[in-house]
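Student: Generate coordinates for the entire structure from the input sequences, incorporating the hints supplied.
Each residue of the sequence shown is one higher than the last, beginning at 1 in the numbering used here.
Please keep in mind that the hints were generated in silico from the structure rather than gathered at the bench. We put the beta carbon where it would ideally sit given N, CA and C, even for glycine. Errors might be hidden in some of the hints.
[What the hints assert, rightly or not] With beta-carbon atoms standing in for the labels, derived distance ranges:
id	residue 1	residue 2	range
1	K73	D12	14 to 20 Å
2	Y72	G11	32 to 38 Å
3	T87	I10	32 to 38 Å
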Amino acid sequence: MTDKKGFSSIGDILKRFDKNEDKYISREFQKYGCDLAEELGDLKHKSLYIKLAKETPRGFLEAAKNYVKDAYKVKSRGRLFMWRLKTLKEEAKKKK
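Tutor: Take a look at the structure:
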């Protein structure tokens, strides 16, 4: 469950916390970035997704992730995610 800012509650994070796997994760955005990299199958760029989770509004990340999940026969899920994130940011900038 997330609040209006897009962050998960501590209780939800602790339920999903694996002591052996997540021993270097101390913040919610780090966990979200790692989960995002895993879902996209792009563990090589895990640090990029952690940085995005820290600095980018969660709504943009979720929208881009859902776009990639709905896509069919994608060559590079990470590349499609980054492209969609860029277009979402540009659309938001134009609306302002």
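Student: Hint by hint, say whether it matches the structure.
Tutor: Hint by hint, here is what the structure shows:
1. K73 / D12: 14 to 20 Å: violated, 33 Å
2. Y72 / G11: 32 to 38 Å: holds, 36 Å
3. T87 / I10: 32 to 38 Å: For I10 against T87, whose Cβ atoms are near 33 Å apart, the range 32 to 38 Å holds.
The structure fails hint 1 only (numbered hints given earlier).
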